[in-house]
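Asks: Spelled out from the first residue to the last, the chains are:
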Amino acid sequence: GQNIDQPTEMTATEGAIVQINCTYQTSGFNGLFWYQQHAGEAPTFLSYNVLDGLEEKGRFSSFLSRSKGYSYLLLKELQMKDSASYLCARGGGGSQGNLIFGKGTKLSVKP
Amino acid sequence: GAVVSQHPSRVICKSGTSVKIECRSLDFQATTMFWYRQFPKQSLMLMATSNEGSKATYEQGVEKDKFLINHASLTLSTLTVTSAHPEDSSFYICSAIDSRQGYTFGSGTRLTVV
Chain A
3 GQNIDQPTEM
13 TATEGAIVQI
23 NCTYQTSGFN
33 GLFWYQQHAG
43 EAPTFLSYNV
53 LDGLEEKGRF
63 SSFLSRSKGY
73 SYLLLKELQM
83 KDSASYLCAR
93 GGGGSQGNLI
103 FGKGTKLSVK
113 P
Chain B
158 GAVVSQHPSR
168 VICKSGTSVK
178 IECRSLDFQA
188 TTMFWYRQFP
198 KQSLMLMATS
208 NEGSKATYEQ
218 GVEKDKFLIN
228 HASLTLSTLT
238 VTSAHPEDSS
248 FYICSAIDSR
258 QGYTFGSGTR
268 LTVV
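Chains A and B, in that order, are what the protein sequence lines are. The first sequence maps to residues 3 to 113 in my numbering. The second sequence maps to residues 158 to 271 in my numbering.
Each hint should be verified, as a subset may be incorrect.
[Stated by the list, open to error] Below, simulated EDC-like cross-link-like pairs (lysine to aspartate or glutamate); rule was C-alpha separation at most 20 Å, straight line:
| hint | chain 1 | residue 1 | chain 2 | residue 2 |
| --- | --- | --- | --- | --- |
| 1 | B | Lys-198 | B | Asp-245 |
| 2 | B | Lys-198 | A | Glu-57 |
| 3 | B | Lys-198 | A | Asp-84 |
| 4 | B | Lys-198 | A | Glu-43 |
To be clear, the hints were calculated from the coordinates, so they are not data collected in a lab.
With these hints in hand, go ahead and build the complete structure from the sequences.
Replies: In structure tokens:
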């Protein structure tokens with residue numbers, strides 16, 4: 003999706019830590035979002051980064067490097083319910099404020 | 158919190174018929190709503206931006222005469238898929254921006270055209 007790249011699939015073990023990377027085109031950057039999406043459902047907001055650094059929110063953390071056009075989502079103490087697609091999205095930079103989404107990373111958490 | 162209600166959640170229609178999808182902002186006013194489409198294993202792709210009281214802005218490659226958008230009030234936007242074909246089968250989802258909570262998504266509509 004418009005020069006936002008993230009791995010297609012990842013597998014991890016319950017209780018472990020997993021990092022999902024995202025790279026994006028830096029022109030017109032207006033914030034980086036992470037969403038969780040279960041199949042057939044709407045995306046659920048996880049995090050928003052506009053400045054460089056790490057934002058921690060419970061088991062989930064998100065990191066941003068604007069100069070590198072790079073972000074990651076870190077999930078700790080994985081639970082089975084964390085099995086879902088994780089979407090990286092950036093502000094579109096347009097006047098209307100739409101989001102541009104990556105294709106999503108399907109995470110499978112195994113016992 | 159900000160809620161966007163989207164209906165129907167699932168719809169099956171015959172080829173050639175039209176389907177209307179509604180999105181309502183329940184506790185905030187949405188001057189702008191975004192309509193996305195998501196095919197299996199693909200990203201959410203912006204179809205159009207709906208503006209209250211004016212014409213929608215369509216993304217390149219999206220037929221405005223096929224996907225009719227109406228945003229007649231600050232709390233309601235509708236997307237009508239006209240003369241639906243099997244290739245229009247997809248997951249359609251709306252979102253709006255709330256000043257307090259940012260982007261809020263509807264629950265999505267799974268359209269199947271048979």
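Asks: For each hint, tell me whether it holds in the structure or not.
Replies: Hint check:
1. Proposed proximity of B:Lys-198 and B:Asp-245 is supported: the alpha carbons are some 16 Å apart, at most 20 Å.
2. For the suggested pair B:Lys-198 and A:Glu-57, the alpha carbons sit about 28 Å apart, so the restraint of at most 20 Å is broken.
3. A distance of roughly 18 Å separates the Cα atoms of B:Lys-198 and A:Asp-84; the hinted pair therefore holds under the 20 Å criterion.
4. With a CA separation close to 13 Å, the supplied pair B:Lys-198 and A:Glu-43 stays within the 20 Å bound.
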